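Protein chains in written order, with my numbering: chain A, 627 to 935; chain B, 12 to 276.
Any given hint might turn out to be false.
[Claimed, not checked] Derived contacts from chain B toward chain A, CB cut-off under 8 Å, selection only:
1. Leu46
2. Arg47
3. Phe205
[Claimed, not checked] To be clear about the criterion: a stretch of chain A counts as covered by chain B if any three or more of its residues have a C-beta under 8 Å from a C-beta of chain B, and this derived list gives those stretches:
4. 675-688
5. 709-716
6. 721-728
7. 884-898
It should be emphasised that the hints constitute simulated quantities derived from the structure, not laboratory data. Being a predicted model, the structure only gives us computed values, none of them experimental. No residue lacks a Cβ here, since even glycine has one placed at the ideal position from N, Cα and C.
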Amino acid sequence: MIKVERLTKTYGGFTAVDDVSFVCQPGRVTGFLGPNGAGKTTTMRVMVGLTPATRGEVTIGGHHFRSIPNPGRHVGVLLDASAQHAGRNGREVLSLGARTMGLPDSRVDEMLALVSLSDDEAKRRVRNYSLGMRQRLGIAHALLGDPSVLILDEPANGLDPAGIRWMRGLLKSYADRGGTVLLSSHLLNEVELIADEMILIGRGKIVAQGDKQTLLAQHGPAATFVTSLENDRLAGVLRDRGVAVAPAGTGLRVEAAPVDVGRAAAENTIVLTDLRAAQEGLEDLFLALTSDTQRDARSEAGAPEGASA
Amino acid sequence: MSTSSTQPAATPEPLDIDVMHAPKIPFWRLVSVELRKMADTRAGLWLLITIGVLTAAIVVIFFFAADDSELTFYNFLGATTTPQGFLLPVLGILLVTSEWSQRTTLTTFTLEPSRTRIVAAKTAAAVAFGLVAIAVAVVVAWLAAFLGGTDDAFRDVGLEDFSRFALLQIIAIVWGLAFGLLFLNSPAAIVLYFVVPIAFNVLVSLVSWFQEAAPWIDLSTAQVPLFDTDPLVGEEWAQLAVSSLIWIVVPFVVGLLRVLRSEMK
Ligand SMILES: Nc1ncnc2c1ncn2[C@@H]1O[C@H](COP(=O)(O)OP(=O)(O)OP(=O)(O)O)[C@@H](O)[C@H]1O
Ligand SMILES: [Mg+2]
Chain A
627 MIKVERLTKT YGGFTAVDDV SFVCQPGRVT GFLGPNGAGK TTTMRVMVGL TPATRGEVTI
687 GGHHFRSIPN PGRHVGVLLD ASAQHAGRNG REVLSLGART MGLPDSRVDE MLALVSLSDD
747 EAKRRVRNYS LGMRQRLGIA HALLGDPSVL ILDEPANGLD PAGIRWMRGL LKSYADRGGT
807 VLLSSHLLNE VELIADEMIL IGRGKIVAQG DKQTLLAQHG PAATFVTSLE NDRLAGVLRD
867 RGVAVAPAGT GLRVEAAPVD VGRAAAENTI VLTDLRAAQE GLEDLFLALT SDTQRDARSE
927 AGAPEGASA
Chain B
12 MSTSSTQPAA TPEPLDIDVM HAPKIPFWRL VSVELRKMAD TRAGLWLLIT IGVLTAAIVV
72 IFFFAADDSE LTFYNFLGAT TTPQGFLLPV LGILLVTSEW SQRTTLTTFT LEPSRTRIVA
132 AKTAAAVAFG LVAIAVAVVV AWLAAFLGGT DDAFRDVGLE DFSRFALLQI IAIVWGLAFG
192 LLFLNSPAAI VLYFVVPIAF NVLVSLVSWF QEAAPWIDLS TAQVPLFDTD PLVGEEWAQL
252 AVSSLIWIVV PFVVGLLRVL RSEMK
């Protein structure tokens, strides 16, 4: 388990991480989400002792990272996959890690197989690796010591769709077996599918945290896509109840939770052919929560509402 | 794809990591990793090979260039100090700086968070390289003296001489390491390592006030007795110690403090 307590990191007068507290539980994947420059990487760097905290502290499994002996055996870290010696080959990068941790060389082969780097690729110099191959090597390196805690900064960066799906499965099963996983991203979709728990950070401050349902329930303007045999009548019924409705594709977009829309339809015996929560609910939430921290000011205010679908 | 070996260490995971039973990484293992890091890249490997080849080459050149009467084991060994004294510092520098320029500090310091231990391991590795270098020099010089030396090629050589040459090379490589640690940047450290002491040496020999103090403040001057066959006297040891303090220990300590405080980017 990772425990971040009132962590603050300032650079001169600039506060990169501002009084951040959260906990990553074992058995769960925690997504760390925020726009560029929000402070995700800085927080993770403080966790593993690469950056000193200005105030506050982080413990992993009850200890400061620096007081864990042979920490690679307990905490797997991937901060920047490109931070490897360009002249070393992939296998050698893992061998150095394995040797430092006191692991047999067979572990290197296992990890290479796990991340699908072939023998031939493992013999190539990291300089000649593609972005995704570097990322795979970095993931292999993080898993090398069979750790119980994983700290991964944008692990999906550069992975192809199959790779992303593979990683999702890997991390999920890791957490299912009791591991603690913290991964960062600035892409909501990426995290949404895999994280049990989400921490949203903007301009150094935590703006929301919780699981997806809780977040939506607390902050989300619930929205629903609905298609029925009588769209016009359904729209009328909903508007009468004071709910905003807009046409969207073959159906309607309703600013209400699916259960309310379904109930309204049932009461008026309207046959529904499609009813689902609007996918961008969380996305809107994310943008809204971080809007004042977003670097691209939301110039087309309201655009995400009507225009989507 | 998911093999059982990727299983988290304990299931279900205890809230606390059990550190009581986890041993630290033994120091020798850190040193062995540092030694390996020097040889597993093309640049590092070529530097090691170059040191070996030049050591042998200078002995061969000396063999043909020197007077027959000069072809002694001691002189062969002395010849090897020139290329080694030139290249070992570069090895010492790269031992530190390649890690920073390639940003591998991120992994190094997450596998062993004690930066002092890593710097100590690098220093031990540097000393080990220095010892290996002198061992290679001894072997090559011995071969040359054995095969083509004068009749009494091995006269007057004792353990004393070996240790003086070893000290010379270890000073060279650790000096480089200290500069590497101070600048954490290969080109800067290499250029300044070669320029600053030479410039200082010139200054010392030109300014009369400095000439008196030279052996105390100029490490190359203080090293001169090490090339001599006579054992060092007490004052010479003191001069070597003081000038090493100025040129090696101070940059080393400043560099170490910088490494301990800085952010690893
Ligand atoms: N050494 C430093 N000196 C000054 N500012 C810094 C330093 N390191 C980080 N910052 C600033 O701290 C802020 C947070 O950076 P950080 O890398 O943590 O963002 P991030 O959330 O990881 O962003 P991204 O999604 O783009 O990776 C940024 O504004 C960055 O410029
Ligand atoms: Mg980042």
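query: Looking back at the numbered hints, which does the structure fail to meet, lowest number first?
result: 1, 3 and 7
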